[in-house]
Amino acid sequence: MAEWGAVLLACGFILFAAVAIILLHTLRRVLLRTEDVLGKAGLEISQLASESKELLVQASATLSLLQDRVEEVEPFCESLRLAGASLSNTLQRADSVTKQITDSAMERLERAHRENELRLAEAFRWLDAGLSVWHSFKRQSQPPADDHA
Numbered sequence: 271m272a273e274w275g276a277v278l279l280a281c282g283f284i285l286f287a288a289v290a291i292i293l294l295h296t297l298r299r300v301l302l303r304t305e306d307v308l309g310k311a312g313l314e315i316s317q318l319a320s321e322s323k324e325l326l327v328q329a330s331a332t333l334s335l336l337q338d339r340v341e342e343v344e345p346f347c348e349s350l351r352l353a354g355a356s357l358s359n360t361l362q363r364a365d366s367v368t369k370q371i372t373d374s375a376m377e378r379l380e381r382a383h384r385e386n387e388l389r390l391a392e393a394f395r396w397l398d399a400g401l402s403v404w405h406s407f408k409r410q411s412q413p414p415a416d417d418h419a
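For the sequence shown, the working numbering gives the first residue as 271, with consecutive numbering after it.
Since the hints were made in silico from the structure, they are not lab data. Don't be surprised by glycine CBs; every beta carbon is placed ideally from N, CA and C. Wrong hints could be hidden among the right ones.
Here are the simulated lysine to any residue pairs, SDA-like style, with alpha carbons at most 20 angstroms apart [unchecked claim]: (1) Lys-310 to Ser-320; (2) Lys-323 to Val-307; (3) Lys-408 to Asp-398; (4) Lys-369 to Asn-359; (5) Lys-369 to Arg-381; (6) Lys-369 to Ser-358; (7) Lys-323 to Ala-311; (8) Lys-323 to Leu-335; (9) Lys-369 to Leu-379; (10) Lys-310 to Val-300.
Each pair of labels, with its calculated beta carbon distance range [stated by the list, open to error]: (11) Gln-412 to Leu-390: 38 to 48 angstroms; (12) Thr-360 to Asp-398: 34 to 44 angstroms; (13) Glu-392 to Gln-412: 24 to 34 angstroms; (14) Gln-317 to Leu-293: 33 to 43 angstroms.
Build the full structure now, drawing on both the sequences and the hints.
This is the structure in C-alpha cells:
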C-alpha cells in the first residue's frame, strides 16, 4: 500500500507540475500580451508627447504673435481713448459756452423787449396826442359841411 501511496503522490505531483506549467505558460502569454500592449501604449504616448510638444510650440508662437499685435495696437487704442476724452471735454465746453451764449442772448432779448415796449408806448402816446391835435385842428379849420350844401 505504501507503493500505491507513493504512486498516487507521484501522480499528484506530476498533475500539480502539469497544472503549474500550464499556468506559467498562460501567465507568460498574458505577460507577453501585456508587454506588447504596453509597448504600443508607450509608442502612442511618445507620439502624443511629440505632437503635444509641437502643439505647445505652435501655441507659444501664436501667443507671442498675439502679444506682439496687442503691443502694436495698444498705442492706437490709447490714442483713441485720449481722442475720445478730448472730444468729450470739447463737447462739454461747447455745451457750456452755448448755454452761456443762449442765456446771454435771452437776457439781451428780454431787456430789448422791455426797452422797446417802453419806447413804443411813449411813441404811440405821442402819435395819439399828435393825431388828436391834428384832428382837432382839422375840425376847427374846416367849415361845416351843412353850410355849403
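We went through each hint and held it up to the structure:
| no. | hint | verdict |
| --- | --- | --- |
| 1 | Lys-310 to Ser-320 | 15 angstroms, holds |
| 2 | Lys-323 to Val-307 | 24 angstroms, violated |
| 3 | Lys-408 to Asp-398 | 15 angstroms, holds |
| 4 | Lys-369 to Asn-359 | 15 angstroms, holds |
| 5 | Lys-369 to Arg-381 | 18 angstroms, holds |
| 6 | Lys-369 to Ser-358 | 16 angstroms, holds |
| 7 | Lys-323 to Ala-311 | 18 angstroms, holds |
| 8 | Lys-323 to Leu-335 | 18 angstroms, holds |
| 9 | Lys-369 to Leu-379 | 15 angstroms, holds |
| 10 | Lys-310 to Val-300 | 15 angstroms, holds |
| 11 | Gln-412 to Leu-390: 38 to 48 angstroms | 32 angstroms, violated |
| 12 | Thr-360 to Asp-398: 34 to 44 angstroms | 55 angstroms, violated |
| 13 | Glu-392 to Gln-412: 24 to 34 angstroms | 30 angstroms, holds |
| 14 | Gln-317 to Leu-293: 33 to 43 angstroms | 36 angstroms, holds |
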